[in-house]
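**Student:** Order-wise, the sequence lines are chains A and B. Here the numbering used here is used: position 117 in the first sequence is 117, and no number is missing along the way. To convert, take the position in the second sequence, counting from 1, and add 1000; that gives the numbering used here.
Just to be clear, a hint being listed does not mean it is correct.
Computed Cβ-Cβ distance ranges for the label pairs, DEER-style [to be verified]: (1) T1019(B) x T67(A): 32 to 40 angstroms; (2) D1096(B) x T67(A): 38 to 46 angstroms; (3) K1097(B) x D73(A): 50 to 58 angstroms; (4) D1090(B) x D55(A): 35 to 43 angstroms; (5) D1074(B) x K4(A): 43 to 51 angstroms; (6) R1022(B) x T92(A): 29 to 37 angstroms.
If you are wondering where the hints come from, they were derived from the structure by calculation, not from laboratory data. Please read all numbers here as calculations on a predicted model, not as lab measurements. Even glycine gets a Cβ: it sits at the ideal position worked out from N, Cα and C.
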Amino acid sequence: MSDKKQFMFLNRRAPYGTIYAWESLEVVLIAAAFEQAVSLAFIDDGVYQLVTGQDTTGIGMKNFSPTYKTLGDYEVRHMYVDKESLEARGLTADDLVVVPWEDWETEETVDNIVEVVDSDQLAELIEQSDVVFSF
Amino acid sequence: MSDLHTVNKSPFEKNSLDTCLRLSKAGSSILLYEDGVYAALAGTAASGKIAGALADRKVYVLEPDYRARGLKSDRLIEGVEMVDYAGFVDLVESCDKVQAWV
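Using the sequences and the accompanying hints, generate a full structural model.
**Tutor:** Listed below in structure tokens is the structure:
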């Protein structure tokens, strides 16, 4: 049996107003470094974490949004976005960051690991995970 | 003179905006800042709240917080005014007191 576990990070908070989004990102990078199978899901206000064009120069906080674009390099393979949350906020996939992925050994590539999923798919993904982290 | 009401929570996560709108009087001013700025967006499930408030209240949004979140000017609900930090101070000064719906 493999020691590799399916980790799922549930992100449900907007960035900057609270520290949840940033803290989640820190733990994601740690989990990926330990070579676990890491997936992220963005639900409720969490979908705002992926909105492009963030500019924090006026609020004196670090803009951590460019980090999401690099998650493919840390072997994060899936970033799921809840369709219902996106629609309630008048957003579409076009408003969100694009995250490419490449397997260094097989050279398999994926143009964008950000994927919009419906409630049934998301419920299934959560249930299939070995460990779920909530932020 | 009237009060300035401030809201810094997302309308999708907390009921701060709802209570602010229920308990603020006509002629008062509302400033949206931090995660409160999401209420100022057109085309969302919460847009109707601010659109309704604009009938008898002034609504402002703090621009640095709006920009930090990657929100575009063309998504701002018509009638909502952008203010910077100096504008925030001016609002505080021009109103009787500040009621923060944290």
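**Student:** With respect to the beta-carbon atoms only, verify the hint that T1019(B) and T67(A) lie 32 to 40 angstroms apart.
**Tutor:** The hinted range 32 to 40 angstroms holds for T1019(B) and T67(A), with Cβ atoms some 35 angstroms apart.
**Student:** Assuming the hint says 50 to 58 angstroms, is it satisfied by the Cβ distance from K1097(B) to D73(A) or not?
**Tutor:** Because 51 angstroms falls inside the window, the suggested range holds.
**Student:** For the pair D1074(B) and K4(A), does the Cβ-Cβ distance stay inside 43 to 51 angstroms?
**Tutor:** holds, 45 angstroms
**Student:** Mind checking the hinted window 29 to 37 angstroms against the Cβ distance between R1022(B) and T92(A)?
**Tutor:** Given about 32 angstroms between the Cβ atoms, the range holds.
**Student:** With 35 to 43 angstroms as the target window, see if D1090(B) and D55(A) comply at their CB atoms.
**Tutor:** This hint is violated: roughly 23 angstroms between Cβ atoms.
**Student:** I want to verify a distance hint. Is the separation of the beta carbons of D1096(B) and T67(A) within 38 to 46 angstroms?
**Tutor:** Taking Cβ atoms as reference, D1096(B) and T67(A) lie about 44 angstroms apart, which means the hint holds.
When the structure is compared with the earlier hints, a violation turns up for hint 4 alone.
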